[in-house]
Amino acid sequence: MKLFKNCVERLCRACLVMTAVALAACTSSDPVQQQSRTVASAAQTAALVTDAWMAGAAPARYTAATLQSLAETVTGADRQLRSDASPEPGRRSEVSAAMTRLSTAVKDAEAAVKAGSRPQADKARQDLNGAMADLTVAAARYDQPQS
Amino acid sequence: MKKLLEISLGVVTSVGGFLEIGSMATAAQAGALFGFQLIWSVVLGTVCIIFLVEMAGRFAAVSRHTIADGIRERFGFNAFLWPLLTTVLVNFMVLSAEIGGVAIAGELATGISFQWWALPVAFVAWLLLWKGTFGLIEKGVSMLGLVTLCFVVAAVMLKPDWKQVAVGAAPSLPSHDTANYWFMAVSILGASISPYLFMFYSSGAIEDRWDKSYLGTNRAIAGLGMSFGGTISVGVLIVAALVLGAHGISQVDDYNQLPLMLIPIFGFWGFVLFVASLGIACFGAVLEIALQQAYLIAQGFGWTWGEDSKPRDNPGFASVYSVSIFLAAIPIALGLDPLRLTVFSMAITAASLPLTVVPFLFLLNDKHYVGEHRNGIISNIAVIFIITLGFVLAVVTIPLQIFGGT
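Going down the list, the sequences are from chains A and B.
The first sequence begins at 3 in the numbering used here and counts up one residue at a time.
The second sequence begins at 922 in the numbering used here and counts up one residue at a time.
If we strip away everything but chain B, and leave its shape as in the complex, we get (with noise of 0.2 Å):
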């Protein structure tokens, strides 16, 4: 009974925690322009991350380590610099953008520009982060999150075609904008396979004192969780098709065209629906990132770490998160576009997977690490191919960037 309460609970955190300005902001683009043909970029996106993710768990139950750790100490700290620097850039420009995201809801909601709005943001995600434990920082905002299952909602009284939508799910080419078409796709990818959310998990599995016992759960919360967050993103690309590209609204470069999408269908509340699912994924974001930051820095030069630990236990922990938070505050304090800059992060998060998800071969097959919970031939295949992926997408994101970019 409590294992099911877990799994539940922890379901329900990975369906709150899913969807966030990267996921948002790309379906709606793809969703616009393309309609259901780029379905498929989310579907592949998120079986790479179910996959991902429950490596984490169980390198995290059996090993007690967390991938980062894992990098560090069976490649060396020398090997561990790159990938640590490429992550912790990449984080940066994600914790921007989600920063950005919270701002824009606030603008939405009050008026105010959404500058104003970075650096509250910034002090009120450090306060939660300082005073909070992580139970609160995981499971708290992801209840809340779980606003955004709005999206589902909406698509589901759009009463779309299904088997268009099933149509999507397969890959095909563009008939037109074919650069924007790939470039939105490695966008998507990108968005749905962050490395921080995988990480995030591991360092998330041993703050929870996972062991081996938990490997069932594990599997459950990666599979039942992401499955359902990716449902999410397919909800808010099949509104976009169905709402914005069905009023020829084929460019979403300006974020006030985004409560566009559920208005219509909801009125007044979709207005109200949308600003509250905006910034409370993006804020669960701010504070998963702005954690993975520091979770990663201090796991890298072994310093001591743990959100549930006061922060004169762990200062060198404490002072990454507070730096972080109040560093990618500040280019939108600045007036960079929020939108502009979630769909280049999404594109250079897909472009660096390769250097996080390699190690995933090695460690996962390491009998010293995973014993008998070695992967199996499927999940072998599963990394090999989002390796692959992952190569792919890092040699065509900055041609795309250029020819498609928005």
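Chain A on its own, in the form it takes in the complex (with noise of 0.2 Å):
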């Protein structure tokens, strides 16, 4: 029973002052490109459901509530990038710009889905193809060094 007690309390010992270590050994990744890859991931997402839903694999149901919390997610993202204090507003705007188009085309898509619309989603579909490459150029950019 003692021995069980000291073989805790000497590993919560050695615990805390491994937390520390791990907590300096941490970092963060830049905000512009954390929001740019989640906007990526879930503009990916969105083309795939209305690619699905057009094929007849998905139920329209899912595939508008899908898109609705896909749209948030993008709007949310945006909202956030505008909010931050960035010292390079010129290149976030570009990429902030291509996410509001995205945020649209999603948003197109959730409509189009309960309109029951194949072409409109067809539509909605290019919008966000259009919109992806805009995003990748302008993160892309983002990333380069200034000269």
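Just so you know, these hints were derived from the structure itself, not from any lab.
Glycine residues also receive a C-beta, built at the ideal position from the N, C-alpha and C atoms.
Take these hints with a grain of salt, some might be off.
[Unchecked claim] From the structure, some residues in chain A lie toward chain B, with a derived Cβ separation under 10 Å: (1) T47; (2) A57; (3) P61.
Hints are included, so try docking the two chains, each in its own frame, into the full complex.
As structure tokens, this is what we get:
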């Protein structure tokens, strides 16, 4: 019993020291890069779920709910990006503009699914592709070192 | 012949009961972001749980004590209080996450928001525990859980590069998102080495009246059942890597993304299979964890317990699972995101491991309890390794939660 207690106490002390080391070892990445990745992933999900709906493999209710949730994610990331104080507002606004276009495309896809309109969904899908390409370019430009 | 049937049934129930929202969500997130690179953590977690489950079953079969009983008796109530409180808290979070899993399945199937499903799910689970027997809970629901094998079928149908899968089974350092990589590794380990799994198993052995003649059965169930169960988790990870990851979906932080793992493979049936897998697997886990809470507290306080007895004969035991289920449903009913809760609770589970695993080293080497069936050198090395792993996980979980958590 005493041995067990001592063992636990010593290990707890060792844990505290290791926690401090682990905390120091961890680093967080740039918020613009982080938000861009979140939005890119959400956009790819939107494309996949819209394709699945158009192929008759995903129910409309589920597709619409997913697109609605994804639109909220994109809008939230965009809002957060705009509220962040950044030393490079010009480059950041390009990323933000691409996110806004993406958000609109996802909302259009959601509206198309709710209306049950395949042509409308097809159009939203094309807009999604364009906006995703814009985001990729804007994010890559943001990553480049400024001359 | 009877033993062979028992082994088969035990293996099947272990397989059917292995996957739950924790292993599903963590494997999906890991596969989407890191491809096959985190398969090693599923393999490691599975090997660890095989050892712990075998020891828990052996301890119960030989000593006729559950692990919780043994800890309380061997170390005294004061020492037992810490693992008791920690496990009750961790179980509570995991129970809530599992109720969330069933609720999400309800939302996906009907479109009615998951919050509305939490209390009905809790009620149905409670009713089954109140009216049902241990056999029904253990075998009935786990048999239905075999639907989760669809992930293994899907993984095979996707024709992965098996060489790459094998490479992923060996630990490697990440090339990107280091904190996230380790956080996911910790979460997968937490989902695989759940204390409720081995504690429930030891209580189940007592419920099923195991004795020394069941030691072979125990070894076969622990080894085969958990290995096949781990294979399902690897299946989820492979499918996530080849479907979500390949489509550029690197972040799985919305539960609506999860059905997309199976839809491109099975079409509309993929959606149905996913909803059924999630609902059944999580419902089975709800029943097991709620029972485990009752076992733990009843055994800790020396109350009478047993799922096969009428609730009026075990009022304390029945009250604990009743209260636990409804309390755990409240956070989900209030709208707490089940996926976030799941990932968080898996990490906390990993952090709590030392408190529940350290006693194994003492109990399984105590002649008074296990006599000649004490741990051999391999089992002792395994326990020491798991304890060390548990302490490392306990240390790194919180910093990783802050920097790598989703």
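The hints, checked one at a time:
1. T47: Holds: closest Cβ of chain B sits about 5 Å from T47(A), inside 10 Å.
2. A57: holds, 7 Å
3. P61: Since the shortest Cβ distance to chain B is 7 Å, the answer is holds.
Taken one by one, the earlier hints all hold for this structure without exception.
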